[in-house]
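A.B. asks: Sequence:
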Amino acid sequence: MGTIIVLLVLIAIVSAILHSLIKKKKSGKGLCSGDCGSCGGCSSCAPPEKKYK
Numbered sequence: 001m002g003t004i005i006v007l008l009v010l011i012a013i014v015s016a017i018l019h020s021l022i023k024k025k026k027s028g029k030g031l032c033s034g035d036c037g038s039c040g041g042c043s044s045c046a047p048p049e050k051k052y053k
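For the sequence shown, the UniProt record's numbering begins at 1 and goes up steadily by one.
Cβ-Cβ distance ranges computed for the label pairs, FRET-style: (1) Leu8 with Gly28: 30 to 36 Å; (2) Met1 with Gly28: 42 to 48 Å; (3) Met1 with Ile22: 30 to 36 Å; (4) Gly2 with Gly28: 39 to 45 Å; (5) Lys26 with Ile4: 29 to 35 Å; (6) Thr3 with Gly28: 36 to 42 Å; (7) Lys24 with Ile4: 26 to 32 Å; (8) Ile5 with Lys26: 29 to 35 Å; (9) Gly2 with Lys23: 29 to 35 Å; (10) Lys23 with Thr3: 27 to 33 Å; (11) Ser27 with Leu7: 29 to 35 Å.
No wet-lab data here; the hints were simulated from the structure. Nothing here was measured: the structure is a model prediction, and the numbers come from that model. Every residue gets a Cβ at the ideal spot worked out from N, C-alpha and C, and that includes glycine.
Build out the structure end to end from the sequences listed, making use of the hints.
C.D. replies: What follows is the structure, given as structure tokens:
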């Protein structure tokens, strides 16, 4: 019985986090704070480089 309660609590927490992330993304805020200096994924928030031939 205790396992089921713990599982339900974990599912509630994960779904709340996902709902918050989806809501932020839909409102245009996204996951990035815009400070690429402290970001571990700088390549994902920087504009793509133009490659010249």
